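Listed in order, the protein sequences are those of chains A and B.
First residue of the first sequence? That's 1 in this note's numbering, and the numbers climb one at a time after it.
First residue of the second sequence? That's 1 in this note's numbering, and the numbers climb one at a time after it.
There's no promise every hint is true.
Pairwise CB distance ranges, derived in the manner of DEER restraints [what the hints assert, rightly or not]:
1) Pro106/B / Arg200/A: 27 to 35 Å
2) Thr199/B / Pro184/A: 28 to 36 Å
3) Pro184/A / Arg211/B: 28 to 36 Å
4) Leu12/A / Asn83/B: 19 to 27 Å
Keeping only pairs whose Cα atoms sit at most 20 Å apart, straight-line, the calculated DMTMM-like set for lysine to aspartate or glutamate is [claimed, not checked]:
5) Lys167/B / Glu151/B
6) Lys101/B / Glu189/A
7) Lys101/B / Asp204/A
8) Lys291/B / Asp314/B
9) Lys101/B / Glu71/B
10) Lys217/B / Asp357/B
11) Lys153/B / Glu189/A
12) Lys101/B / Glu151/B
13) Lys153/B / Glu30/B
These are computed hints drawn from the structure, not numbers from a lab.
Quick caveat: nothing in here was measured; it's all calculated off a predicted structure.
Beta carbons: idealized from backbone N, C-alpha and C, even for Gly.
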Amino acid sequence: MERRAYYRNRLLPWLLIAPQLILIFVFFYWPASQALYWAFTLEQAWGGGNVWVGFDNFRQVFGDARYWNTVMRSGLYALAATGISMTLALVLALFVDRSLRGTKIFQDVYIWPYAIAAPAAGVAFRFIFSPEAGLVGTLNGMWPGIWNPATNGAHALLMVIVCHAWLGIGYNFIFFLAALQMIPRSMFEAGAMDGAGPARRMIDLQLPLIAPTTFFLLIMNIISSFTDSFGLIDVMTEGGPVGSTEVMVYKIYFDGFRGLDYSGAAAQSIVLMLLVMALTFVQFKWIERRIHYA
Amino acid sequence: MAAITLKSVKKNYGKTPVIHGVNVEIEAGEFIVILGPSGCGKSTLLRMIAGLEEVTAGEIHIGDRLVNQVEPRDRGCAMVFQNYALYPHMTVAQNIGYSLKVAGVPRAQRDERVRAVAKSVGLEDYLDRRPGQLSGGQRQRVAMARAMVREPKVFLFDEPFSNLDAKLRVAMRAEVRRLHRDLGVTSVFVTHDQTEAMTLADRLIIMNAGRVEQIGKPSEVYNRPASRFVADFIGSPAMNLIEGMFDEQGHFVYGRGGRLAAEPLNGQRRPGRKLVLGVRPEAVRRTNEQKPGAIPALVEYIEELGAARLIHADASGTRIVAVETENVDIPSGAPVHLEFNDDALHVFSAEDGRRIDAHA
Ligand SMILES: Nc1ncnc2c1ncn2[C@@H]1O[C@H](COP(=O)(O)OP(=O)(O)O)[C@@H](O)[C@H]1O
Ligand SMILES: [Mg+2]
Chain A
1 MERRAYYRNR LLPWLLIAPQ LILIFVFFYW PASQALYWAF TLEQAWGGGN
51 VWVGFDNFRQ VFGDARYWNT VMRSGLYALA ATGISMTLAL VLALFVDRSL
101 RGTKIFQDVY IWPYAIAAPA AGVAFRFIFS PEAGLVGTLN GMWPGIWNPA
151 TNGAHALLMV IVCHAWLGIG YNFIFFLAAL QMIPRSMFEA GAMDGAGPAR
201 RMIDLQLPLI APTTFFLLIM NIISSFTDSF GLIDVMTEGG PVGSTEVMVY
251 KIYFDGFRGL DYSGAAAQSI VLMLLVMALT FVQFKWIERR IHYA
Chain B
1 MAAITLKSVK KNYGKTPVIH GVNVEIEAGE FIVILGPSGC GKSTLLRMIA
51 GLEEVTAGEI HIGDRLVNQV EPRDRGCAMV FQNYALYPHM TVAQNIGYSL
101 KVAGVPRAQR DERVRAVAKS VGLEDYLDRR PGQLSGGQRQ RVAMARAMVR
151 EPKVFLFDEP FSNLDAKLRV AMRAEVRRLH RDLGVTSVFV THDQTEAMTL
201 ADRLIIMNAG RVEQIGKPSE VYNRPASRFV ADFIGSPAMN LIEGMFDEQG
251 HFVYGRGGRL AAEPLNGQRR PGRKLVLGVR PEAVRRTNEQ KPGAIPALVE
301 YIEELGAARL IHADASGTRI VAVETENVDI PSGAPVHLEF NDDALHVFSA
351 EDGRRIDAHA
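Pulled out of the complex, with its shape left as it was, chain B reads as follows (with noise of 0.2 Å):
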């Protein structure tokens, strides 16, 4: 039985729409990461599992239980916030442990469990300090702390590491994955962050504009993605996305003239239709010589990365990136021949975005 169901769920802040019917379900002891653009309602869709939101229709399940009208605190969840949301005014101690105190848990046993936590998380030497008084790093832990000390059923994540450097956002990923290893309780997390997604998620749901576009295990998503908005928000660099159409010998027909031998086609690979082809910079190699099915470009500027680099090049008037991991200087406005590798050749439909297989 799935620890968590979404059926249908929709949210209206007034009249605006911003979650248009999503339908999830999380199995008992997954780390679901929800990945979007900044605005897209993944926070409005945590805070709703979470019941700080009221659902404007659908349904959401915890294990067999329906939700929709039950109180924040007696869903079983416990939520890490993006700002930490600590009590400013608690020591560390009682902000742990504070939710231990409203349920009436007798001090002694309290302070051990408290304890216990605060070990985990390595906090057991600041106790006694007020969140003031931690740094970036430590607040994030009591914030962990107080989420774990509660034993819920599922945990919620707002963006947690948001507010944290580059660094510290690293090591808190691992720790988060320890936590979830060692005590494997069901978790949504949200991000905006696909590095941060992909490394977290057994499956990751990715939101656009209050819609799910899709769900999938991080390698699934990366490998075929269902939409033009996945292909091109999951991978950095972005994935190159080339409009045109298939013209009646199945070359694809893009830019300012511009052809490609491709794939068999399909019925919906058909001559004329518009359609978006999608290759990643590291499925475009760079060739010297004239071969079929490798096109020509002219290189506008190489973008170094330390240990590879990206050639940005013009082709009959569409830009494509293409990673050179060989060390080779190449001067602006060189002309260069680009070669697809055929089975990373992704086509979409330009009308609705959606993937279209070739042997659909």
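The shape of chain A in the complex, shown without the other chains (with noise of 0.2 Å):
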């Protein structure tokens, strides 16, 4: 039996999808083909519009040995993050699996913090880290110096790594807790009679068979990264000291913005989204295939 409706009127069905198409073309599209069409082109100096390159823009972003400073940076603000959040969700989540079956409340305090938007984050960050003031500033008072985000670079960057890490330990815990319980009890229990004890367990049992779900949150922690990490920069630090918090998104906006380079923003925009999309890719074409247990 055919089961469609029909509209009469040939509009209506166009009107109703209309503010989906709207939103995607608004905010995805025109922005995406506004990038390519500046990564490919170049505004004259003296002005009479844009004239057509062909990769120039590309060639000039990677013989800057700035930019791949920033991709260096990129790399260890990804893997540190990454590394951090995942670590301590699974811990965490380890033992709330363990010692708290059935518990929600603690499920939920967990997840809160993804529900602040980062730029929020950063401020409440600021104070904590705040040589003067902050928590972290006591320090300052015991051996004086020792911890100044405002000019020293890598406390910066490990300042603003450790509040995205922190961020995203709700997300991560929470994906790591299902998975956990996904695990039957009797698993457990004939591994304990296998006479495993809990850490044997943990490493032959737990481990492998939360990969998949592992493997998900490495893709999805990194790709927030690469992206995500622009409120926290912007409110935390601008990129300084010295530029020495600046990562590839963070670039893309002070070149583009600040620096009014659009076509080389837009070029930067577009390596920064093959990225994201190759992870997507591999996230989509792998997780079914390779970490799969039938």
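Mind docking these for me? Both chains are given alone in their own frames, and the hints should help you get the complex.
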């Protein structure tokens, strides 16, 4: 039997999907096409519109040592933030799974940070890490000058990374906990009967069985560190001191809207977009095939 | 010396008691089946023996050792779980050999033992597969091989065949019996399936609501049920249970004025005491003529079983089922007379359900 609704009015279906279409167009296709346009053109110095320059903008970006510094920093940022966030989330999830089976409150408490907007968390962490007044600043009371993210680049980067990791813990925790709770209890008991203690069971049974989730989170965290880091950095350090917290996404903003080098920024954003797309692709292709036990 | 001894073992979940003091002695090499309806505490009891569940009160001894505080791995028990609980990310060989690996048995020796055990349950061609690539019966065998490879002192089975189809279940039953005969390892097997229990057990432990109702050989349990519960639970079709009491003339009075001449009385079967008379449908005979000792009844319907048929009849308001081996056609509503074998009558107290013997 044909199960389809027909509209008499040809216009109505289009009107119904229009809001969604407009949103996608205005916030994705239009900016993406603008980025493509700018990435392959250059504004002439004395007016007269843009000229086609092929891959010149990309060549310039890749030829810039400062850009590669930013790429390396982004890599470090991604690894550190992802590593810290996932490790802490996993430890918390393991504890909660072990001792608080069925308790809902704790699960909720851990997800809250995820609901906080990055810039808001950035402001909070600026207070926490403030060398004069913050919690960490009390260290300066004991050893003057030991902590100063305003002047020390390494401190600044560490501060942003820790904040980013903290924001992601809730999200990672929920996924890890859900994955752990999916493991049937009898499998642990079988492990216990087979002579494996808790640590051994964790390594031999729990970790392999949550591998698909771990992989999923790894990709999601890396993508997030490439894109969501913007809000944090803008609020906490604005890329400073002297560019020491400038990651790829921040450099795009800085070059484009501060340096007014639209073409260079557009080329960089195309690179970042391809990177994120590649990661997403890996996610989809790999996760189903490799790390799946039937 | 007993292989496993339970002394007044109790278990509470929070404040809720689920095992109310169980005393059992299991002999070395025995095949014990714990039988009872779902939720009566069979798994809980088994898991306490395994060490997966704490004992609230009482003592569990394995061999001559008190094991209440001993870790599962140090108790020398191996367990086969209801849902198999195989490790899905390991191959069959790795599943079977995991306990040896944990125990630090060298690789070559491990492989050899895994192969030998796999062969004994017919899995030698599947060693490289993952559990997900096996049928239900094969997974079941992996679970058994995994238990066997450790050469345990005690096998524990928790409803291991409940996920298999009927045919496979019968085959696995035979296999478990064969393994037990070959290895002679003390085994405790939990099930709610009475056929499985009767065919496997050296001795049965029949449980109800956290208490042991009866311990005995399958034939003892069938022929001399210790309680009304056991009488009702064991045997298919279920035993007829007729509530009533004896009168001064030695008749058993039941239902709406039904009367039945029965055995000599003893003190406990005194007139006026409420009793339950039990008789298996196999021990009920249909006769056509009125006889002393036969009771009148009206046929309600006939249940055809193929080899035999069950007559469901109403005798003065009490339902009585009789096995009829003759191929007869009796219409509903037809009057019949039912006669009981005297030596097949069981008498239970109506208050506590315990058995009352004629010559006690
Ligand atoms: N972890 C638990 N927490 C609370 N009650 C439980 C738990 N496990 C079992 N029970 C209860 O204990 C009783 C016996 O359970 P169980 O031993 O699994 O029964 P069986 O195996 O005979 O079906 C049941 O009423 C069940 O609800
Ligand atoms: Mg059970």
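So, going through the hints one by one against the coordinates:
Range check, Pro106/B to Arg200/A: Cβ separation about 18 Å, and the 27 to 35 Å hint is violated. Against the hinted window of 28 to 36 Å, the Cβ-Cβ separation of Thr199/B and Pro184/A comes to about 29 Å, which satisfies the hint. A hinted range of 28 to 36 Å for the beta carbons of Pro184/A and Arg211/B is consistent with their spacing of about 30 Å. For Leu12/A and Asn83/B, the Cβ-Cβ distance of about 52 Å falls outside the hinted range of 19 to 27 Å, so the restraint is violated.
At most 20 Å may separate the alpha-carbon atoms for a hinted pair to count; Lys167/B and Glu151/B exceed this at roughly 29 Å. Between the alpha carbons of Lys101/B and Glu189/A the distance comes to roughly 17 Å, so the proposed pair stays at or under 20 Å and holds. Using a Cα cut-off of 20 Å, the hinted pair Lys101/B and Asp204/A holds, with the two alpha carbons roughly 11 Å apart. The hinted pair formed by Lys291/B and Asp314/B meets the criterion: a straight-line CA distance of about 18 Å does not exceed 20 Å.
Among the hinted pairs, Lys101/B with Glu71/B is consistent with the structure: their alpha-carbon atoms are about 18 Å apart, no more than 20 Å. With a CA separation close to 19 Å, the supplied pair Lys217/B and Asp357/B stays within the 20 Å bound. For the given pair, Lys153/B sits about 18 Å from Glu189/A by alpha-carbon distance, which is consistent with the 20 Å threshold. For the hint linking Lys101/B to Glu151/B, the alpha-carbon distance of about 14 Å falls within 20 Å, and the restraint holds.
For the given pair, Lys153/B sits about 11 Å from Glu30/B by alpha-carbon distance, which is consistent with the 20 Å threshold.
Violated hints, listed in ascending order, are 1, 4 and 5; each of the other numbered hints is respected by the structure.
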